[in-house]
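Two chains, two frames, a set of hints: combine them into the complex.
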Amino acid sequence: MGAIITLSILGIFLLYLGLYRAKNALLPVTIVGALVALGFILFQWNEEAVPLYHGMVLFDRYALAFSALCMLATILILLLSKEYFRTISDNIAEYYCLIVFSLMGALLVTAYHNFAMLFVGIEIMSVALYILVGIRKNDPSSNEAALKYFLMGAFSTGFLLFGITLMYGAAGTFDLGELRNYVMTTNEISPLFYGGILLLLCGLCFKIGAAPFHFWTPDVYDGAPILITAFMSTVVKVAAFVGFFRLFSMVLVPLSEFWTPVLLTVTIITLFVGNITALVQTSFKRMMAYSSISHAGYMLFAIVSIGAASAPSILMYASAYCLASIIAFATLIAVKRKTGSEHFESFNGLAKREPLLAFILTIAMLSLAGIPLTAGFIGKFLMFNNVMGNYNVMLLVIAAVNAAVAIYYYLHVVVNMYFRDSEEPLEQQIPLTNAYKVVLGIAAVLTIAFGVYPDVILKLL
Amino acid sequence: MSVFYLVAFLAIFFALMTIFTKNPVHSVLYLVVTFFTLTIHYILLNAQFLAVVNFIVYMGAIMVLFLFVLMLLNMNEESEPMKSNLVKVMGAIAGICLIATFLGAFKVIAPNNEFVVGNAEVGLVKNLGKVLFNEFLLPFEISSILLLTAMVGAVLLAKKEVKKI
Numbered sequence: 001m002g003a004i005i006t007l008s009i010l011g012i013f014l015l016y017l018g019l020y021r022a023k024n025a026l027l028p029v030t031i032v033g034a035l036v037a038l039g040f041i042l043f044q045w046n047e048e049a050v051p052l053y054h055g056m057v058l059f060d061r062y063a064l065a066f067s068a069l070c071m072l073a074t075i076l077i078l079l080l081s082k083e084y085f086r087t088i089s090d091n092i093a094e095y096y097c098l099i100v101f102s103l104m105g106a107l108l109v110t111a112y113h114n115f116a117m118l119f120v121g122i123e124i125m126s127v128a129l130y131i132l133v134g135i136r137k138n139d140p141s142s143n144e145a146a147l148k149y150f151l152m153g154a155f156s157t158g159f160l161l162f163g164i165t166l167m168y169g170a171a172g173t174f175d176l177g178e179l180r181n182y183v184m185t186t187n188e189i190s191p192l193f194y195g196g197i198l199l200l201l202c203g204l205c206f207k208i209g210a211a212p213f214h215f216w217t218p219d220v221y222d223g224a225p226i227l228i229t230a231f232m233s234t235v236v237k238v239a240a241f242v243g244f245f246r247l248f249s250m251v252l253v254p255l256s257e258f259w260t261p262v263l264l265t266v267t268i269i270t271l272f273v274g275n276i277t278a279l280v281q282t283s284f285k286r287m288m289a290y291s292s293i294s295h296a297g298y299m300l301f302a303i304v305s306i307g308a309a310s311a312p313s314i315l316m317y318a319s320a321y322c323l324a325s326i327i328a329f330a331t332l333i334a335v336k337r338k339t340g341s342e343h344f345e346s347f348n349g350l351a352k353r354e355p356l357l358a359f360i361l362t363i364a365m366l367s368l369a370g371i372p373l374t375a376g377f378i379g380k381f382l383m384f385n386n387v388m389g390n391y392n393v394m395l396l397v398i399a400a401v402n403a404a405v406a407i408y409y410y411l412h413v414v415v416n417m418y419f420r421d422s423e424e425p426l427e428q429q430i431p432l433t434n435a436y437k438v439v440l441g442i443a444a445v446l447t448i449a450f451g452v453y454p455d456v457i458l459k460l461l
Numbered sequence: 001m002s003v004f005y006l007v008a009f010l011a012i013f014f015a016l017m018t019i020f021t022k023n024p025v026h027s028v029l030y031l032v033v034t035f036f037t038l039t040i041h042y043i044l045l046n047a048q049f050l051a052v053v054n055f056i057v058y059m060g061a062i063m064v065l066f067l068f069v070l071m072l073l074n075m076n077e078e079s080e081p082m083k084s085n086l087v088k089v090m091g092a093i094a095g096i097c098l099i100a101t102f103l104g105a106f107k108v109i110a111p112n113n114e115f116v117v118g119n120a121e122v123g124l125v126k127n128l129g130k131v132l133f134n135e136f137l138l139p140f141e142i143s144s145i146l147l148l149t150a151m152v153g154a155v156l157l158a159k160k161e162v163k164k165i
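Here the protein sequences line up with chains V and C, keeping their order. In terms of the numbering used here, the first sequence has 298 at position 298, counting the first letter as 1, and numbering is strictly consecutive. In terms of the numbering used here, the second sequence has 105 at position 105, counting the first letter as 1, and numbering is strictly consecutive.
Next up, chain C with everything else stripped away, as it sits in the complex (with noise of 0.2 angstroms):
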């Protein structure tokens, strides 16, 4: 259990530091510590699946085109653009209304639901493919379309088009 609370307190940590940084790419290597500290949460919570697929998809491959994508916008504090004061003041209301209700939600959630607890090995490899190719056969070859789609549209939008005058 401390173990959990020492990564859930570096994880919120992260977070904040994510946002309060003024430097992006400082921003981004933050946010991989907090993925990072997410990881650790999946294998305490033995979903050994989610855990390696967040740490290579997630810390591995988006976060580093992040930082790439950053550091090619070569962005700055002068170039960020001017936020009015009302739109923050009505964000942070409103951010934490969200987040009164949800901790009001949770906070009743008896701790021995059986939907929290759950099947402790729920999260092998195992389980999750018996899962996957047997109840959601349809979404996971349907999801295959909606990668075809991207592909086409990351094709058609990165081709150089030749103009035929």
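So here's chain V without its partners, still in its complex pose (with noise of 0.2 angstroms):
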């Protein structure tokens, strides 16, 4: 609760800030900020977690997990952005506190404990971030975006609350302790319920981009400023997905035989689709957009086959995830920085101009595709052994198919990175800030420190 409360008031402190044209000061108080309620959840790791205020928000170990996750991956984001905003617009202040406003809604999702506190906290989350979506605003591809994710967010948030009213109807309380005693004692659960459950899917679906609620994602990610993509494909993907699944692994698992062919047919779906429709993309960045709709793929087989192991897989498949785009992101700043272009063929030649950062974006991309030695492959063997615990041979087979193509275009930037020659002279290097250099080493050496000792996630839940 005191990170929560800390970053209400951070958001509302950078306004003042604004207010006095103090700029330099924006990010390194939004960095201490972040740091202070960061250790307000680190502080509560060890405390015994009660459904605080009436039940409406717990925060237990997983919820401080993933909470601590986002915040780092905000952080990390954060030291990306000292030069990036002030090239966009005057007004970076009020930019800091809407990301520190998203990330506090995205707290909130992963800590819930009740449906009212799910639907503020996606609020929160999405509101900001469609304004930060369109904050170019001379730009028509920014625009659109922007209202594309408007409208798409507002009406899955309209089947989010329709589902969660028919469980209203059917159960009569919106807490997720309740629901769960509803679910385990009656006898006839209300079809009603059911109605819920199917549309709540369909609303968190979206929210995640699974296929085929994904019709916005490449758009508005291609869209996007290139940090909100990344803040969008890290923190608020990994936050939907965190309460998506505390909803099913607190209230819904001994309805798993309703629900798991519905979810099981957007998985598979959600692989197909993601990792077909990479393969053709010209541009690194829609590459990415569809890429981050596979990886939602992935992180739904631990939803799929719900266990004691899902938990600890989601956060390392999530950590690792959120470790390689943060790369992949910031390598395209810089490179976009330097050739104006987000085309595949920008990253030509970039090992002889930038050798360590070439390497840095290759740990990123074999992370990603799932290389061994790479925190990427331990999240996608957790995720496979947990299929395979359940016999689901089908998904097993369909998901080894996927992760091989997946190879294919993850590989394609790093032959253009070592083996094509860029026609610019080898001379004209891409000066990278100390931030970039801390963000890109931080991030690097972490997805090879959880590649090679897993364990070091896996203990924590």
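Certain hints may be false.
Unchecked claim - Here are the simulated DSSO-like pairs of lysine-lysine, each with C-alpha atoms no more than 30 angstroms apart in a straight line:
id: 1; chain 1: V; residue 1: Lys23; chain 2: V; residue 2: Lys336
id: 2; chain 1: C; residue 1: Lys88; chain 2: C; residue 2: Lys107
id: 3; chain 1: V; residue 1: Lys437; chain 2: V; residue 2: Lys352
id: 4; chain 1: V; residue 1: Lys285; chain 2: V; residue 2: Lys338
id: 5; chain 1: C; residue 1: Lys88; chain 2: V; residue 2: Lys148
id: 6; chain 1: V; residue 1: Lys23; chain 2: C; residue 2: Lys160
id: 7; chain 1: V; residue 1: Lys137; chain 2: C; residue 2: Lys159
id: 8; chain 1: V; residue 1: Lys338; chain 2: V; residue 2: Lys437
id: 9; chain 1: V; residue 1: Lys352; chain 2: V; residue 2: Lys23
id: 10; chain 1: V; residue 1: Lys285; chain 2: V; residue 2: Lys336
id: 11; chain 1: V; residue 1: Lys336; chain 2: C; residue 2: Lys160
id: 12; chain 1: V; residue 1: Lys352; chain 2: V; residue 2: Lys285
id: 13; chain 1: V; residue 1: Lys82; chain 2: C; residue 2: Lys160
id: 14; chain 1: C; residue 1: Lys160; chain 2: V; residue 2: Lys137
id: 15; chain 1: V; residue 1: Lys23; chain 2: V; residue 2: Lys338
id: 16; chain 1: V; residue 1: Lys352; chain 2: V; residue 2: Lys338
id: 17; chain 1: V; residue 1: Lys137; chain 2: V; residue 2: Lys285
id: 18; chain 1: V; residue 1: Lys82; chain 2: V; residue 2: Lys137
id: 19; chain 1: V; residue 1: Lys137; chain 2: V; residue 2: Lys336
id: 20; chain 1: V; residue 1: Lys336; chain 2: C; residue 2: Lys159
id: 21; chain 1: C; residue 1: Lys22; chain 2: C; residue 2: Lys107
id: 22; chain 1: V; residue 1: Lys82; chain 2: C; residue 2: Lys107
id: 23; chain 1: V; residue 1: Lys23; chain 2: C; residue 2: Lys159
id: 24; chain 1: V; residue 1: Lys437; chain 2: V; residue 2: Lys148
id: 25; chain 1: V; residue 1: Lys285; chain 2: V; residue 2: Lys437
id: 26; chain 1: V; residue 1: Lys336; chain 2: V; residue 2: Lys352
id: 27; chain 1: C; residue 1: Lys160; chain 2: V; residue 2: Lys338
id: 28; chain 1: V; residue 1: Lys148; chain 2: V; residue 2: Lys336
id: 29; chain 1: V; residue 1: Lys137; chain 2: V; residue 2: Lys23
id: 30; chain 1: V; residue 1: Lys352; chain 2: V; residue 2: Lys82
id: 31; chain 1: V; residue 1: Lys336; chain 2: V; residue 2: Lys437
id: 32; chain 1: V; residue 1: Lys82; chain 2: V; residue 2: Lys459
id: 33; chain 1: C; residue 1: Lys160; chain 2: V; residue 2: Lys148
id: 34; chain 1: V; residue 1: Lys148; chain 2: C; residue 2: Lys107
id: 35; chain 1: V; residue 1: Lys82; chain 2: V; residue 2: Lys437
id: 36; chain 1: V; residue 1: Lys23; chain 2: V; residue 2: Lys82
id: 37; chain 1: C; residue 1: Lys159; chain 2: V; residue 2: Lys148
What the hints assert, rightly or not - For the chain C half of the interface with chain V, some residues (derived, Cβ under 10 angstroms), not all of them:
id: 38; residue: Val7
id: 39; residue: Ser27
id: 40; residue: Phe102
Quick caveat, the hints were computed from the structure, so don't treat them as lab data. Remember, predicted model here, so these are calculated numbers, not experimental data. Even glycine gets a Cβ: it sits at the ideal position worked out from N, Cα and C.
Structure follows, in structure tokens:
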């Protein structure tokens, strides 16, 4: 709870800093505030978790671990933002404020214990993002992305709310604990409850960008500023997924026979749509958008075969995915600043000009593809292991085929960096600020560390 | 009961008119009427607060805003984008499936279900306030952040950027 209060106050404080034009203080203050909030979260780690405020939020270890992950990812992204926002507009304070509020919404979604909090959390998270996506006011693609995201998001929230209403109509409560009691003890579960599950499933699939509810993802990720895309595809996606998983693991496990076929279909479609469309992309950013769809599919494995091992494997997968995405988008920002393009060709010959940057991006790509010795491999391994435990051979085969397809497009950029020559002269280097070096270094080291010694993460939950 | 059926019929009728009419301004006006019939429903259910909010906010503020935007956009039949028939058919099938599912679900509910009958006084402002400021205090307070976010965003998007060169 301390973290949520800290972030709320931090957001308002940032607005005041913007009012008094203390532009240089913005980034340090935001990062210090986020670190304080992170401190609150870590401090709570060993305390016994009880639902707070009439059962509204529950900061158990599961919520704390994912909150910490979201915050770390946000801090890394914020470190990249120093020069980035200044090139877009003058009102930098508001952007930091919106990112902080969005992070607060993400924390609420990870820790909710009542549907009212789920709704408020998802809305805070999304409303801030609708604006952040559209902050390049003069760029038509940014405007289109913002409008599309807003309309789709509002629509999916409608589904979510209708689902919640139907569940309330059946069980008479918004509280997850009481809903679990209802599911466990009632002999004949009302048909309304099943309708509610389906609608909630639709709404949440929209938010995590799983097919067939993924149509907004590529355009929005493509149109948004790169840094915001990084925030969306890491923090927001993970938080929405955690909310999804929390509902299903706390309440709906006894009804798994009902929703598993639906979710299984969604997972399979998501995997194929994400991977096959990613194959034909020529823009790196758009490729990352489709790859994020396919990663949502892999993360859904944990819900399809829900069990005790699901939560640690999601944490592992989400950490690996966040770190690798941050590296990929940070490199893209640097490359785009130099070449002005997001296409694969702009990565040509990067290995000769910037060997270290190319090497780090290679690590990230290998992690996303799931090659051993990186965190991504452990994540994929755990997800496959979950599915194997349920003897779901068909899903396993499909997943393996998709993983093989994914390697092709992830290595595309690596091939471009190492084996294609750029037309530009070799001396033209990409200037990297210290913040970039720190972020890329931390993310790369963590990716390798989690890949070599995964117990650091797995022992947490 | 007969009042209910009359109002329910009017609600469905005007909702259908909202979809079927060709002129967007007429469509919005029918939507206003639909909201008005819903307000009557709320009053019949003794949910006074909801009725007032629905009347003032939805019918009053939001729909008038809607109307203004439509007039500013100056839409007419020619500017309507053509939708392919395949999409229409798919949409119709999906929508009918959804309706069928929910009609089935609603049909099974017994009318004497305690949540359907409920507490007749639950919609009064006094009871709502008690719940809002006691059990649901945290979501109520955090909603202020939601509103603040929306406000910051609206100002940010609407403000003219001064370009310093």
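Against the structure, the hints come out as follows:
At roughly 25 angstroms between alpha-carbon atoms, Lys23/V and Lys336/V fall within 30 angstroms of each other, so this suggested pair holds. With a C-alpha separation of about 28 angstroms, the suggested pairing of Lys88/C with Lys107/C holds against the 30 angstroms cut-off. A C-alpha spacing of about 18 angstroms is found between Lys437/V and Lys352/V, which places the hinted pair at or below 30 angstroms, so the restraint holds. Under the criterion of a C-alpha separation no larger than 30 angstroms, the hint pairing Lys285/V with Lys338/V is consistent with the structure, at around 16 angstroms.
For the given pair, Lys88/C sits about 20 angstroms from Lys148/V by alpha-carbon distance, which is consistent with the 30 angstroms threshold. Only pairs whose Cα atoms come within 30 angstroms are accepted, and Lys23/V paired with Lys160/C is accepted, the gap being roughly 19 angstroms. With a C-alpha separation of about 10 angstroms, the suggested pairing of Lys137/V with Lys159/C holds against the 30 angstroms cut-off. Between Lys338/V and Lys437/V the alpha-carbon distance is near 16 angstroms, which keeps this suggested pair within the 30 angstroms criterion.
Proximity of Lys352/V to Lys23/V is assessed by CA-CA distance (about 37 angstroms); at most 30 angstroms being required, the pair is judged violated. Simply put, Lys285/V and Lys336/V have alpha-carbon atoms about 11 angstroms apart, close enough for the 30 angstroms limit, and the pair holds. A C-alpha spacing of about 27 angstroms is found between Lys336/V and Lys160/C, which places the hinted pair at or below 30 angstroms, so the restraint holds. For the suggested pair Lys352/V and Lys285/V, the alpha carbons sit about 22 angstroms apart, so the restraint of at most 30 angstroms is met.
A C-alpha spacing of about 23 angstroms is found between Lys82/V and Lys160/C, which places the hinted pair at or below 30 angstroms, so the restraint holds. A threshold of 30 angstroms between alpha carbons decides the hint, and for Lys160/C with Lys137/V the separation of about 10 angstroms falls inside it, so the pair holds. Taking the CA atoms of Lys23/V and Lys338/V, the gap is about 26 angstroms. The hint holds against a cut of 30 angstroms. For the hint pairing Lys352/V with Lys338/V, the CA-to-CA distance comes to about 15 angstroms; that is within 30 angstroms, so the pair holds.
With a C-alpha separation of about 20 angstroms, the suggested pairing of Lys137/V with Lys285/V holds against the 30 angstroms cut-off. At most 30 angstroms may separate the alpha-carbon atoms for a hinted pair to count; Lys82/V and Lys137/V meet this at roughly 20 angstroms. Note on Lys137/V and Lys336/V: the hinted pairing holds, with a Cα-Cα distance of about 20 angstroms set against a maximum of 30 angstroms. For a cut-off of 30 angstroms, the pair hint linking Lys336/V to Lys159/C stands: about 28 angstroms separates their Cα positions.
Taking the CA atoms of Lys22/C and Lys107/C, the gap is near 34 angstroms; set against the 30 angstroms cutoff, the hint is violated. For the hint pairing Lys82/V with Lys107/C, the CA-to-CA distance comes to about 58 angstroms; that exceeds 30 angstroms, so the pair is violated. Between Lys23/V and Lys159/C, the direct Cα distance comes to roughly 19 angstroms. Compliance with the 30 angstroms bound is thereby established for this hinted pair. For the hint pairing Lys437/V with Lys148/V, the CA-to-CA distance comes to about 34 angstroms; that exceeds 30 angstroms, so the pair is violated.
Proximity of Lys285/V to Lys437/V is assessed by CA-CA distance (about 21 angstroms); at most 30 angstroms being required, the pair is judged to hold. The hinted pair formed by Lys336/V and Lys352/V meets the criterion: a straight-line CA distance of about 17 angstroms does not exceed 30 angstroms. With a C-alpha separation of about 29 angstroms, the suggested pairing of Lys160/C with Lys338/V holds against the 30 angstroms cut-off. For the hint linking Lys148/V to Lys336/V, the alpha-carbon distance of about 25 angstroms falls within 30 angstroms, and the restraint holds.
The straight-line distance between the Cα atoms of Lys137/V and Lys23/V is roughly 21 angstroms, inside the 30 angstroms bound, and the hint therefore holds. At most 30 angstroms may separate the alpha-carbon atoms for a hinted pair to count; Lys352/V and Lys82/V meet this at roughly 27 angstroms. Of the pairs offered as hints, the one joining Lys336/V and Lys437/V holds, with about 17 angstroms between alpha carbons and a cut-off of 30 angstroms not exceeded. Taking the CA atoms of Lys82/V and Lys459/V, the gap is about 35 angstroms. The hint is violated against a cut of 30 angstroms.
At roughly 22 angstroms between alpha-carbon atoms, Lys160/C and Lys148/V fall within 30 angstroms of each other, so this suggested pair holds. As the CA atoms of Lys148/V and Lys107/C are separated by approximately 36 angstroms, the hinted pair breaks the 30 angstroms bound. For a cut-off of 30 angstroms, the pair hint linking Lys82/V to Lys437/V stands: about 13 angstroms separates their Cα positions. At most 30 angstroms may separate the alpha-carbon atoms for a hinted pair to count; Lys23/V and Lys82/V meet this at roughly 10 angstroms.
The hinted pair formed by Lys159/C and Lys148/V meets the criterion: a straight-line CA distance of about 21 angstroms does not exceed 30 angstroms. A cut of 10 angstroms between beta carbons decides the hint on Val7/C: the least distance to chain V is about 21 angstroms, and the hint is violated. Taking 10 angstroms as the C-beta contact cut-off toward chain V, the hint placing Ser27/C at the interface is violated, the least distance being around 18 angstroms. Restraint check, Phe102/C versus chain V: the minimum CB separation of about 6 angstroms is within 10 angstroms; hint holds.
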